[in-house]
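One-letter residues, chain by chain:
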Amino acid sequence: MQYLLLIYTSESEEAKMSEATVAGIIGEYHEFTQSIIQGGQYKGGERLKPVATASTVRIRNGKTVITDGPFAETREQLGGFYLIEAKNLDEATAIAARIPSAKNGSIEVRPIWPMS
Amino acid sequence: MTQQAEAQTPAATAASTAETVFRQEAGRVLATLIRLLGDFQLAEEARQEAFTAALEQWPAKGIPENPRAWLVDVGRNKAIDFIRRQALFRSKYPDLETSAIEQAAAAPGEDEADDAAFGDDRLRLIFTCCHPALNIEAQVALTLRAICGLSTEAVARAFLVSEETMAQRLVRAKKKIRDAGIPYETPPPHLLDERIAGALAAVYLVFSEGYAVTSGENLIREDLCSEAIRLGRLLDALLPNRAAIQGLLALMLLHDARRKARVTPGGDIVLLEDQDHTLWNWPQIDEGLALVERALRIKGKVSPYTVQAAIAALHARAPRESATDWPQIVGLYEVLLHIQPSPVVELNHAVAVSMVDGPARALNLVDSLAARGGIDDYHLLSAARAKLLHRLGRREEALDAYRTALRSARLEPERRLLARRIAEFDEAPTPG
Chain W
439 MQYLLLIYTS ESEEAKMSEA TVAGIIGEYH EFTQSIIQGG QYKGGERLKP VATASTVRIR
499 NGKTVITDGP FAETREQLGG FYLIEAKNLD EATAIAARIP SAKNGSIEVR PIWPMS
Chain V
3 MTQQAEAQTP AATAASTAET VFRQEAGRVL ATLIRLLGDF QLAEEARQEA FTAALEQWPA
63 KGIPENPRAW LVDVGRNKAI DFIRRQALFR SKYPDLETSA IEQAAAAPGE DEADDAAFGD
123 DRLRLIFTCC HPALNIEAQV ALTLRAICGL STEAVARAFL VSEETMAQRL VRAKKKIRDA
183 GIPYETPPPH LLDERIAGAL AAVYLVFSEG YAVTSGENLI REDLCSEAIR LGRLLDALLP
243 NRAAIQGLLA LMLLHDARRK ARVTPGGDIV LLEDQDHTLW NWPQIDEGLA LVERALRIKG
303 KVSPYTVQAA IAALHARAPR ESATDWPQIV GLYEVLLHIQ PSPVVELNHA VAVSMVDGPA
363 RALNLVDSLA ARGGIDDYHL LSAARAKLLH RLGRREEALD AYRTALRSAR LEPERRLLAR
423 RIAEFDEAPT PG
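For the protein sequence lines, the chains are W and V, in the order given.
In my numbering, each number is its position in the first sequence, counted from 1, plus 438.
In my numbering, each number is its position in the second sequence, counted from 1, plus 2.
Simulated from the structure, these hints should not be mistaken for laboratory data.
Not one of these hints is a red herring.
Dumping the calculated DSS-like pairs for lysine-lysine here, alpha-carbon to alpha-carbon at most 30 Å:
| # | chain 1 | residue 1 | chain 2 | residue 2 |
| --- | --- | --- | --- | --- |
| 1 | V | LYS177 | W | LYS481 |
| 2 | W | LYS454 | W | LYS541 |
| 3 | W | LYS481 | V | LYS178 |
| 4 | W | LYS541 | V | LYS303 |
| 5 | W | LYS525 | V | LYS177 |
| 6 | W | LYS487 | W | LYS454 |
| 7 | W | LYS487 | W | LYS501 |
| 8 | W | LYS525 | V | LYS178 |
| 9 | V | LYS178 | W | LYS541 |
| 10 | W | LYS541 | W | LYS525 |
| 11 | W | LYS481 | W | LYS541 |
| 12 | V | LYS177 | V | LYS80 |
| 13 | V | LYS63 | V | LYS80 |
| 14 | W | LYS481 | W | LYS525 |
| 15 | W | LYS541 | W | LYS487 |
| 16 | W | LYS525 | V | LYS80 |
| 17 | V | LYS178 | V | LYS80 |
Bound conformation, chain W alone:
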């Protein structure tokens, strides 16, 4: 099965981190990504720019409406994701637990709806 691992972290906390801390986390991410590539579970993954850069698109009354945001009042924001292949939920959650941000943020594990 495929799972999307959604990484939620606090942007405001991250903004306060020292450069050395950020560099350390980036190193951990690099190591983690390499390990799931070698394990054959990696299908894709990216880091996202902060929510301040987000735009929302809706079609209402036949017209495309583009707005700034969304800026929901949440403690954590979606900061990145991995798409992985795992045997089952236990394997997926075990991989999610190895994501560096699991230590202070949270990882949502969502099964992919297979389309064919």
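Take the given structure of chain W and dock chain V to it, following the hints.
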């Protein structure tokens, strides 16, 4: 009875034997079908079809030598037919259909039917039903439905929700198992202890709900207590020599053994200190006591269930209330406060302290617990305070505390007990 049996036709005998087999084997047949088919819903339907087929065929052809294996075999074949029929209509998901058929057809029949395989299947299913990715209500509902074989209606009644609500809860849970890929597996060794803890929490919730229901007319729901004990025994048989499992089983056996003494025929509560010990189930207490001893001897971290069972054991061992070993009970509550602190444990600790050091020190503990907040609505706290104040001769405050307790108690027998206590203030002089 014998005459009746002799008068029955062989067909009728076969039908009633079939009913008995279904009742006994429902859980095991389902567990194995789930493993073979990899789908909860499909397995439930397959089991139903197998039962229907048995009712048709056994009266005519006689009961098969191994009815359980027969049911599994027929159920699996029915499911394969069903998947193939579906595949004709829905060629959209060819991969899915093929893999399910392959999985189902690949399993050899006879070997799968031995007791060891069935035991493993039930264990796997317990871990699936109690997977932490399911919420605890769903875990308990699935466990009662799939492992204990309770009907959806019975599970709904146990948790005071409508049958429709419970049916939806079960459907949602089964859908999550399938869609999220919750495995039908015994967890790998590094997850086993944690997952056992999860399964035990679900079993304990079933027991607690049966032992002291949270609201309604009756204090005890015996069926839930019995099912929880049955699950505990099953876990103990499948995973022997686990302290937490034995501790929980002992705890449930010891508490449940006092069932008959805890309530009057009229449905009123009888507190431990007033219970008639001859009404206790002594063989069950002996079994519980032996289990506690074994659980305590297992090396490793002591389980909170074992400590609670050890406390229950001291109560059971006391020939009468006044001979209870309260100092040791205080000590055990202190262990419990250390490994699993909670307001309820603190309250019970305070009550035990009152039996060793007197009510004044206990009242300090209870007041400090109350001052920290969080359990204002907890009627047992007010009732305990009331009793301590009464023992200290502070009548007015005691009466106030009993009234507070009555306002927050939701269970009818508890409300009657508190009302009796309040009424006694008008009749009896202050003790001590």
